[in-house]
Amino acid sequence: MDDIHAPTVPSGPTTNTASTIDQSRKSLFELMNERDGVQSELFALGSVLESHNVDMQTPLLTPDGYPRADIDVAQIRTTRARIIRLKNDYKWLMEKIEKGLEEHHANLANAPPAERASNGSATSSERTDSARPAAQAAGAAPTIEAPFAKVNSVARSSPAEMAGLKVGDKVTQFGYANWTNHDKLAKVAQIVQANEGREIALKVLRAEEDTAASVTVELKLIPRHNWGGRGMLGCHLLPI
Numbered sequence: 001m002d003d004i005h006a007p008t009v010p011s012g013p014t015t016n017t018a019s020t021i022d023q024s025r026k027s028l029f030e031l032m033n034e035r036d037g038v039q040s041e042l043f044a045l046g047s048v049l050e051s052h053n054v055d056m057q058t059p060l061l062t063p064d065g066y067p068r069a070d071i072d073v074a075q076i077r078t079t080r081a082r083i084i085r086l087k088n089d090y091k092w093l094m095e096k097i098e099k100g101l102e103e104h105h106a107n108l109a110n111a112p113p114a115e116r117a118s119n120g121s122a123t124s125s126e127r128t129d130s131a132r133p134a135a136q137a138a139g140a141a142p143t144i145e146a147p148f149a150k151v152n153s154v155a156r157s158s159p160a161e162m163a164g165l166k167v168g169d170k171v172t173q174f175g176y177a178n179w180t181n182h183d184k185l186a187k188v189a190q191i192v193q194a195n196e197g198r199e200i201a202l203k204v205l206r207a208e209e210d211t212a213a214s215v216t217v218e219l220k221l222i223p224r225h226n227w228g229g230r231g232m233l234g235c236h237l238l239p240i
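Sequence positions in the sequence shown follow UniProt numbering and run 1 to 240.
These aren't lab readings, by the way, just hints derived from the structure by calculation. Values in this document were obtained by computation on a predicted structure and should not be read as measured data. Ideal placement from N, C-alpha and C gives every residue a C-beta, glycine not left out. Hints may contain errors.
To be verified - DMTMM-like cross-link-like pairs, simulated, lysine to aspartate or glutamate; straight-line CA separation at most 25 Å:
1) K99 / E30
2) K184 / D36
3) K203 / E161
4) K87 / E50
5) K99 / D36
6) K220 / D70
7) K166 / E199
8) K99 / D72
9) K220 / E209
As the list claims (entries may be wrong) - Okay, the calculated beta carbon distance ranges per label pair:
10) H236 / Q75: 18 to 24 Å
11) E208 / E102: 17 to 23 Å
12) G65 / H104: 49 to 55 Å
13) R198 / E161: 33 to 39 Å
Can you build the whole structure from these sequences, using the hints too?
Put into structure tokens, the structure is as follows:
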């Protein structure tokens with residue numbers, strides 16, 4: 001009997017769009033839109049698994065080797081295979097987006113001052129929408145980023161604790177989510193679902209001890225199951 005827990009899928013982009021269109025000709029905007037579509041589908045597929053009370057690792061066979069009768073094994077297997085394909089697509093898209101952003105910022109740095117100023121607002125938007133924090137130029141004044149969530153609790157030995165998150169931290173960036181687009185933290189859930197086992201860039205405001213000032217702290221969080229607690233993060237976020 002085939003192993004129905006780990007369907008074999010090819011690596012690299014596998015969606016119809018990725019296979020039929022020259023991805024190298026796509027603009028950053030198009031790539032980001034496609035990425036958002038992949039994330040939305042991953043979130044929906046994750047809900048399908050949750051409706052069966054299973055995840056990507058839950059056994060689908062009984063101890064004697066037969067498919068479980070209490071769940072729809074065929075649907076779960078198909079859903080898992082689709083999730084794996086979409087995660088490959090997501091990884092590929094993010095590599096393209098990051099490369100495109102690096103090239104865009106390099107071109108902007110070499111552009112005349114007038115052209116650089118005219119492109120400033122678009123550049124800022126792309127940086128905010130990217131999945132990695134934009135590096136500040138040396139000597140430049142730090143950009144004020146509004147927090148959109150507060151860390152209410154952090155479980156011991158959880159991915160959140162391992163990343164360095166602390167109770168009271170105020171999140172200003174979670175992957176590509178920020179105060180302008182987090183949609184009541186729905187985007188955060190989508191990002192977590194799409195990045196199991198992969199690093200997510202975070203920025204938080206953290207109050208310094210004995211002062212009223214806050215400092216920006218950059219962290220790398222890796223969502224994962226089977227860490228010994230609930231969820232893939234092990235922390236509770238409250239929208240601000």
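Hint by hint, here is what the structure shows:
no.	hint	result
1	K99 / E30	holds (14 Å)
2	K184 / D36	holds (16 Å)
3	K203 / E161	holds (15 Å)
4	K87 / E50	holds (18 Å)
5	K99 / D36	holds (17 Å)
6	K220 / D70	violated (38 Å)
7	K166 / E199	holds (18 Å)
8	K99 / D72	violated (41 Å)
9	K220 / E209	holds (23 Å)
10	H236 / Q75: 18 to 24 Å	violated (31 Å)
11	E208 / E102: 17 to 23 Å	violated (32 Å)
12	G65 / H104: 49 to 55 Å	holds (54 Å)
13	R198 / E161: 33 to 39 Å	violated (18 Å)
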